Amino acid sequence: MSVAEGRTEEASDVRPARPSRMRFGHPRSPLAWLRPAVWLPPAVMLAVLAALWSWGARRLPYLLPPLRDVGSSLTGNPGYYLHNALATLGEAAAGLGLGFAGAFVLAVLTSELLLVRRAVMPVAVVLNVTPVVAIAPALVVAFGFGPAPKLIITGLICFFPILINTATGLRSVPQEVLHVYRSIDAGRIEVLWHLRVPYALPYVFAALRIVFPLSVIGAVVAEMSAAGSTRGLGTAISVASSMNQLPVVYASIAVLALMGVALLLAVTLVERRVLHWHDSAKD
Amino acid sequence: MRRAYGAGRSATVALDDVELTVPPGRFVSLIGPSGCGKSTLLRIVAGLEQPDRGEVLVHGVAPAEACAAKMVGLVPQSPALLPWLSVLRNVTLPQRLNSGAARRRERIPGLAAREAAAPARTVQELLAAAGLGESLHKLPAELSGGMRQRVAIVRAFALRPDVLVMDEPFSALDELTRESLQDQLLALWEEWRTTVLFVTHSVTEAVRLSDTVVVMARGPGRIVETVGIDLPRPRDEGLMRERRFHAYEDLVRDRLRRAWHSEAA
Chain H
1 MSVAEGRTEE ASDVRPARPS RMRFGHPRSP LAWLRPAVWL PPAVMLAVLA
51 ALWSWGARRL PYLLPPLRDV GSSLTGNPGY YLHNALATLG EAAAGLGLGF
101 AGAFVLAVLT SELLLVRRAV MPVAVVLNVT PVVAIAPALV VAFGFGPAPK
151 LIITGLICFF PILINTATGL RSVPQEVLHV YRSIDAGRIE VLWHLRVPYA
201 LPYVFAALRI VFPLSVIGAV VAEMSAAGST RGLGTAISVA SSMNQLPVVY
251 ASIAVLALMG VALLLAVTLV ERRVLHWHDS AKD
Chain W
1 MRRAYGAGRS ATVALDDVEL TVPPGRFVSL IGPSGCGKST LLRIVAGLEQ
51 PDRGEVLVHG VAPAEACAAK MVGLVPQSPA LLPWLSVLRN VTLPQRLNSG
101 AARRRERIPG LAAREAAAPA RTVQELLAAA GLGESLHKLP AELSGGMRQR
151 VAIVRAFALR PDVLVMDEPF SALDELTRES LQDQLLALWE EWRTTVLFVT
201 HSVTEAVRLS DTVVVMARGP GRIVETVGID LPRPRDEGLM RERRFHAYED
251 LVRDRLRRAW HSEAA
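Note that the protein sequences, when read in sequence, are chains H and W.
The numbers in my numbering rise by one with no breaks, and the one at position 239 of the first sequence is 239.
The numbers in my numbering rise by one with no breaks, and the one at position 201 of the second sequence is 201.
If you're looking for bench data, these hints aren't it; they were derived computationally from the structure.
Since we're looking at a predicted model, the values are computed, not measured.
Glycine included, C-beta positions come from ideal geometry on N, C-alpha and C.
Keep in mind that a hint or two might mislead.
Cross-link-like lysine to aspartate or glutamate pairs, in silico, DMTMM-like; alpha carbons within 25 Å at most [stated by the list, open to error]: (1) W:138 <-> H:112; (2) W:138 <-> H:69; (3) W:138 <-> W:183.
To list a few chain H residues with every Cβ distance to chain W over 10 Å, as calculated [as the list claims (entries may be wrong)]: (4) 54; (5) 57; (6) 86; (7) 119; (8) 124; (9) 134; (10) 171; (11) 187; (12) 195; (13) 260.
Kindly generate the complete structure, drawing on both the sequences and the hints.
Structure (structure tokens):
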């Protein structure tokens, strides 16, 4: 990026403006989905998988429900799935928000105060490799079946990727940029806000792309661990599987998958907006 | 002045016994082999490092104080532009930050008079003069390497600095771009006559730009000779083909070679 930008060798001082990124047929443009080369391979792949599923469902009816049953469960009772999906999404979003706020503040502290960095980072790395889902039952015992353990688990799962990425990003300001702003004696807060935070944004978005799906996992695991909870897709899955209602189980899983895709899409769209200046938002 | 890295026997002495006085309004180049401490000297003047012994004064005040009053304009080797800001905002951001500097400037003796002598130019005018009038709202990634370095130079001038500190700003550019940036720098400088400390590897560049060329040697870093360049200004391309220009080039090159041999011996 900017470290190397002074070293590019250009014979001419003038360069034509970069062509528009959103033209038809561009790999990243939404209109690219009109091209068969783009939509055909995944469509064929899906058809093959569906055929395999149907074949399996005929051979092993106790393990795989027919796709038709899964579909009719979804269309027959959409309110049920919507209600539970919103509950899970709400827990995931709230936990993510908490984890993000905590991790971001701590990341700023580690970048500004060497002592905090030395104290926090080794502990963070150890906690990061501890599977948080394993703590879920203990948290349910401690905090009961209400929203508290769900928010804590989701928050914890999201916490470390955001902390580590943001802390790295805040320190990614090129040396020469720092020199320029130190030579005008810019204040710490000014350097943080005008240099460190913008340079950290690509790292923050990379973390968000990891953490959005993780937040859904956290919420589902928390719901499954809290045997008495009444809402959420995790609850729906564990209740339905205990009653051997396989179509409901798979319909819930399908809704979860759709939710994950939608979240990922949302992050990507916001990222392209915010980081239009960054390489990751191009090609 | 002395500056060493590390301590004890493994210490590397980057600069030892360096003494240099630059009269205000002079264009001074530092030239010498890699490791002669010319960049270290520059970083000390820009307040980015402290000397171990001795002192540096920028117009009578310590570098830290000069930076606090935004008297130092730094142009590093890479343009060091912020990739999310337009050309215009890259130039104006350092003006907006450290807003306490205006008050501190008033307390620096003689600064007000020097500032009054500098031409009153808006950032837009400066950018237009640098050939960036069409690119005010472009992002750095949309510019060529040469254009980006022009923005970095305008960013430094826009601070109305008392001292301009430039660390090999043209070394990454090709020959033609480099010459056109030298033209631009000279044009700006002749209008402003601010004090310049310019680090370079190129003998031609040093002779073309400077009033004084300071030749340095390494092991430890020290000044071996100061060569005054007595050539008329403005220095256009024609001058670069004249014999007296080549004579100065040969002189500086000879001093450099001698410095090289003295350290080898």
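Right, here's what the structure says about each hint:
| no. | hint | verdict |
| --- | --- | --- |
| 1 | W:138 <-> H:112 | violated (32 Å) |
| 2 | W:138 <-> H:69 | violated (56 Å) |
| 3 | W:138 <-> W:183 | holds (23 Å) |
| 4 | 54 | holds (50 Å) |
| 5 | 57 | holds (52 Å) |
| 6 | 86 | holds (35 Å) |
| 7 | 119 | holds (27 Å) |
| 8 | 124 | holds (28 Å) |
| 9 | 134 | holds (41 Å) |
| 10 | 171 | holds (16 Å) |
| 11 | 187 | violated (6 Å) |
| 12 | 195 | violated (7 Å) |
| 13 | 260 | holds (29 Å) |
Hint check: violations occur at hints 1, 2, 11 and 12; the rest are consistent with the structure.
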